[in-house]
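Residue strings, one per chain:
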Amino acid sequence: MTYKTLLATTALVALSAGGAHAQVIGFSQIGSESGWRAAETTLTRMQAEERGYDLRFSDAQQRQENQIAAIRSFIAQDVDAILLAPVVATGWDAVLQEAAEAEIPVILLDRMVDSSDDLYLTAVGSDLVHEGYVAGEWLVDTVAGEDCRVVELQGTTGSSPAIDRKNGFEQAIADHANVEIVRSQTGDFTRSGGKSVMEGFLQAEGGGADICAVYAHNDDMAVGAIQAIKEAGLNPGTDILVVSIDAVPDIFLAMAAGEANATVELTPNMAGPAFDALEAYWADGTMPPKFIQTESALYTQDDDPQGEYDRRKDLGY
Amino acid sequence: MLLTVKGLSKSFLGARALDAVDFDLAAGEVHALLGENGAGKSTLIKCLTGAYHRDAGEIALDDQPIDPRSTSQAQDLGIGTVYQEVNLLPNLTVAQNLTFGREPTRFGLVDARARTRMAREMIEGYGLDIDVNRDLSSYSVAIQQIVAIARAVSLSGKVLILDEPTASLDAREVEMLFKVVRDLRSRGLGIIFISHFLDQVFAISDRITVLRNGRKIITEKTAELDRVKLIEHMLGHALEHEVEAQMAAHADEQPVRPLAFSFRGIGRQGMIEPFDLDIHEGEVVGLAGLLGSGRTESAELLYGVRVALTGEARDANGPINIRNPRAAIAAGFGFAPEDRKTDGIVADLTIRENIVLALQASKGWMRPIPRAEQNRLADDYIRRLDIRTTGREKMIGELSGGNQQKVILARWLAMNPRFLILDEPTRGIDVGAHAEILRLIRELNAQGMSLLVISSELEELVAASDRIIVVRDRRHVAELTGADMTADTIVRAIAAPGTAKEATA
Amino acid sequence: MMVPTLKRIAPQLSTLVALIILITFIFPSFLNLSMVDGRLVGPLVDVAKRSAPVALLAIGMTLVIATKGIDLSVGAIIAICGASAAWAVSAGYGLGPALVIALSAGIACGLWNGVLVSMVGIQPFVATLILMTAGRGIAQLITEGRILTFTDPSFGWIGSGTLFGLPVPVWLWLATGVLMALLLRRTALGMLIEAVGINRRASALSGVNARVLLIAVYAASGFCAALAGLVVTADIRGADANNAGLWLELDAILAVVIGGNSLLGGRFSIAASVIGALIIQTINAGILLGGFPPEYNLVIKAALVVVILVLQSPNLVTHFAFLRGALPTRRPSEQVQQTGKPKP
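Residue numbers (this note's numbering), protein chains in the order written: chain A, 9 to 325; chain B, 145 to 649; chain C, 286 to 629.
No wet-lab data here; the hints were simulated from the structure. Bear in mind the structure is a predicted one, so any value in this text is a computation, not a measurement. Ideal placement from N, C-alpha and C gives every residue a C-beta, glycine not left out. Just to be clear, a hint being listed does not mean it is correct.
[Said to hold, decoys possible] Cut-off 27 Å, straight-line C-alpha distance, at most; resulting in silico cross-link-like pairs (BS3-like, lysine-lysine): (1) B:Lys150 with B:Lys302; (2) B:Lys507 with B:Lys538; (3) A:Lys174 with C:Lys586; (4) B:Lys323 with B:Lys150; (5) B:Lys365 with B:Lys302; (6) B:Lys323 with B:Lys302; (7) A:Lys238 with A:Lys321; (8) B:Lys538 with C:Lys353; (9) B:Lys190 with B:Lys538; (10) B:Lys485 with B:Lys190; (11) B:Lys507 with C:Lys586; (12) C:Lys353 with B:Lys485; (13) C:Lys292 with C:Lys353; (14) B:Lys538 with C:Lys292; (15) A:Lys238 with A:Lys174.
[Stated by the list, open to error] If you want the footprint, here are the derived chain B segments under chain C, 3+ residues with CB under 8 Å: (16) 326-334; (17) 478-491; (18) 500-507.
[Unchecked claim] Pairwise CB distance ranges (calculated): (19) C:Ser314 with A:Thr164: 24 to 32 Å; (20) A:Val96 with C:Thr472: 52 to 60 Å; (21) B:Ala195 with C:Phe449: 55 to 63 Å; (22) C:Ala393 with B:Asn560: 37 to 45 Å; (23) B:Ala195 with C:Ala393: 51 to 59 Å; (24) B:Ser600 with C:Thr472: 53 to 61 Å; (25) B:Arg213 with C:Val592: 26 to 34 Å; (26) B:Ser214 with C:Val595: 17 to 25 Å; (27) B:Ala195 with C:Ala419: 35 to 43 Å.
So that you can see chain A by itself, here it is in the shape it has in the complex (with noise of 0.2 Å):
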């Protein structure tokens, strides 16, 4: 029997058993290591509380081991759809397998898995490449043809949103030639990394002077740079720009203050669109594509940031 036959009889009978009772979710997270991670577990929870399901959450606490467990006991709960945020990309064939054995639909949430696709329905996430572009893209609008020269903060060296996010970004000023990335050291992800990096940049480059805009990988970093270039006697926001990616509270307070320019949304609602294919698929069997990109929205300062930090403080962050 496939998968796809399976899931269809699944449907029916879930179609059949409809409305009756609430629908089990079972909701395997990483764990707790980042706000966004916290904030992706809040909005998880929040959209399953609107829709009246029951979610049964686990954290993982980063191992593995834990989450095959915690997936074998969703199984053995029989709950009607499983979501999986998974820590590491390989060994989860048998896990899935018995999953798909249950008849139990399994959604991957912002991170994939090297399992054929056939083991589970969907999987929800961003492109880490498209966020950096669309990052880029504003900046190559913004300067509108005037020389921009680009100092970069990247994420931790050799971790894939570092590269995507910096590829993506290059790929948008690549056929720009009055935007240039003129220096970029790794800040590791960290608010310290990036203000010591950026006061190094600001030495530099003609205390900062000859800087036009920081691009971060993350908020954090450009939290920080906005510090370094505030203690160097310069304004952040319109002596150097700030672009950066997530689009985490803080940020948003930045740019209320006018100290951060834009950001590029790597959004925590990953349990929304992942509902949505779930109730689709329920109610008539449409199978949603495999892989769902979340949006990469851009913010900037005229989108209500006082608004926007409002609504996402108590998300967890």
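Given chain A, work out where chains B and C should sit, using these hints.
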């Protein structure tokens, strides 16, 4: 001559360690090399084995001038050395140790059977009945020592240097080693023998060379030397009379002295059975017994190194609670432990710092002893105890054993203790420092200080003590005073339970 | 007193100067200094300021290492103290109480380590590994897993303020270093710590209270880590439990080693360790200003550290002395040949 050394000189940072020393060694001879610590024995040996490079002079082996630059070069030339601390690898088997570095191979791999055979051949004739495939560490130090000799002889084969090989051996083991040495001598090897034990030197050597302060004093046939003369050569002054005078002093009637400390029922299971001990002012109490009999354990309980589980201690003012060394020090105790290197010296601190350590600790860190005062104390004790050093800022670890011991004594003298415990104060110390420490003990108790002295050197203990307590099997079994106090009675008390009880009674 | 100290730190000082000269070749304005609004600015000032966390840690670490120990938990203590200070400030307790809370937390962490090492008898590596692992979790509990941002300007002053023309963090490590050195060398503490580090048993038999000393040393390390935590947190105006002080314990140990202090305990020099911290930060600054791609950062840093440690190694000194000793013997023979030439 097998080995000839002419006009050998060596200096370290301006200090002359060897000054134009002549030395020779015939084949089939055991030649003893004697001298106090710091006389230049080890420098001479190190120049011969290539560990040091000489500044001037000539070395000839079989009348060919040689110039070894490393110990392995010296080995290849025919000069092998065995040290006091066996420098083999205890966790390898005897065979592996013997063949180390030249293992027989087959197809590029070590041939274990050939190695066993080779090892057996090597130790043949040494009178050892051992399994060469067992770990070296499973055999006694004496056997390890002989294995080291076998390895050295088969590697070099002409000159064998034995650097204090008997220091950690008992009498039977020494005899076993000497048999090996005599065999090697009759096989035509030249053997240089270094030891502090004069008895052994007289028993084994054919000739004796004495070094003092980096110079050669004499080379004589052993048969033509007597002990007194030899010691005079080594020290540059007479010692024997000192000890004799001291021994004579025992004949005098014992004066009645006030009680300083009394210990009642001090004991701890597994260490020593409860014992009573009275210490009078200005009294020297000796503690005799075999290693492991409970003599060091007694001292450790008295000093609070381990807490006594039973009994109590008092001084003239009432009970004192000795729960740790600091409390003991506060009560006026001092303790020079047996294992100087691990328990006594703080190797990387200077002589000055080692001397003031206990005094500073008792004053507390808030009240540092001013540097001028530290210097005065250090210089004072360096002079009074005749500590041989280039200065007070020298690391204590660089001193010879005897001088280290003097520094530790100085550490306690600076505290002016009422009761000083000395555990094996003369072990591993050259004969000169030996005499000085004995003199010091006498001086101290003349000043009213009470002492408890533990020693395996019975003659010495008898000479120094007013009273001797014999420890056997973790019990205090006998107390000897006056005329009973001789090496003979002590040995009998240690050996025969019956006589010991009589002595107590 | 002064001359031996200078002699002791001479290798570290000359290394630092050599590095500064090297960087000046790559990046000529490295030595630029100017006064802006009554404060000194320039790359060198930045180096001194950025050195603060590691220099502070190295002061405490020097003492711990002098006792033959090691303190792996200082990075985690930074996170704990930063988190507690940020929490206290944002909860409205004011700067004073926040500092007291953070410093007490640091000392408490140090006491915990000290008790494990000295009373329970756990090896320092293992004992401090416990807090290294658990500490970040504790910090996360305080910050609830996010970056705890605060706005209190007086706390921020500790990280980025200026006092008498120099950044406040520079004053902090200078003052801590000088006070600690005075405390250790004007009292008998320094010698007693060294004695315990070289031979704990012999020291205890001489009446040194090794137990209390060990606990005090770890507490001092915790205190220094708390100060570093304040600097790190104030610098970014936020407590980042995940990243604050991450791996800094290793930099601190490296600083102590570059400072020529033996990991086997004993003799120590706080000044040399602090210069070691400056050396590490100078290397970091050089890499940053040199504009190398970040993939090369660690390789360059490691290569420079290896060179520094090799140059300082006592083994090399003897080899060098041997080479020098060999040279004069060669020279006279050359002279002989030269004078010999005209003869035929």
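To see whether the hints hold, each was checked on the structure:
{"no.": "1", "hint": "B:Lys150 with B:Lys302", "in the structure": "holds (19 Å)"}
{"no.": "2", "hint": "B:Lys507 with B:Lys538", "in the structure": "holds (24 Å)"}
{"no.": "3", "hint": "A:Lys174 with C:Lys586", "in the structure": "holds (24 Å)"}
{"no.": "4", "hint": "B:Lys323 with B:Lys150", "in the structure": "violated (31 Å)"}
{"no.": "5", "hint": "B:Lys365 with B:Lys302", "in the structure": "holds (21 Å)"}
{"no.": "6", "hint": "B:Lys323 with B:Lys302", "in the structure": "holds (18 Å)"}
{"no.": "7", "hint": "A:Lys238 with A:Lys321", "in the structure": "holds (24 Å)"}
{"no.": "8", "hint": "B:Lys538 with C:Lys353", "in the structure": "holds (22 Å)"}
{"no.": "9", "hint": "B:Lys190 with B:Lys538", "in the structure": "holds (22 Å)"}
{"no.": "10", "hint": "B:Lys485 with B:Lys190", "in the structure": "holds (22 Å)"}
{"no.": "11", "hint": "B:Lys507 with C:Lys586", "in the structure": "violated (46 Å)"}
{"no.": "12", "hint": "C:Lys353 with B:Lys485", "in the structure": "holds (18 Å)"}
{"no.": "13", "hint": "C:Lys292 with C:Lys353", "in the structure": "holds (24 Å)"}
{"no.": "14", "hint": "B:Lys538 with C:Lys292", "in the structure": "holds (17 Å)"}
{"no.": "15", "hint": "A:Lys238 with A:Lys174", "in the structure": "holds (25 Å)"}
{"no.": "16", "hint": "326-334", "in the structure": "violated (count 0)"}
{"no.": "17", "hint": "478-491", "in the structure": "holds (count 8)"}
{"no.": "18", "hint": "500-507", "in the structure": "holds (count 6)"}
{"no.": "19", "hint": "C:Ser314 with A:Thr164: 24 to 32 Å", "in the structure": "holds (29 Å)"}
{"no.": "20", "hint": "A:Val96 with C:Thr472: 52 to 60 Å", "in the structure": "holds (54 Å)"}
{"no.": "21", "hint": "B:Ala195 with C:Phe449: 55 to 63 Å", "in the structure": "holds (58 Å)"}
{"no.": "22", "hint": "C:Ala393 with B:Asn560: 37 to 45 Å", "in the structure": "holds (41 Å)"}
{"no.": "23", "hint": "B:Ala195 with C:Ala393: 51 to 59 Å", "in the structure": "holds (53 Å)"}
{"no.": "24", "hint": "B:Ser600 with C:Thr472: 53 to 61 Å", "in the structure": "violated (42 Å)"}
{"no.": "25", "hint": "B:Arg213 with C:Val592: 26 to 34 Å", "in the structure": "holds (30 Å)"}
{"no.": "26", "hint": "B:Ser214 with C:Val595: 17 to 25 Å", "in the structure": "holds (23 Å)"}
{"no.": "27", "hint": "B:Ala195 with C:Ala419: 35 to 43 Å", "in the structure": "violated (51 Å)"}
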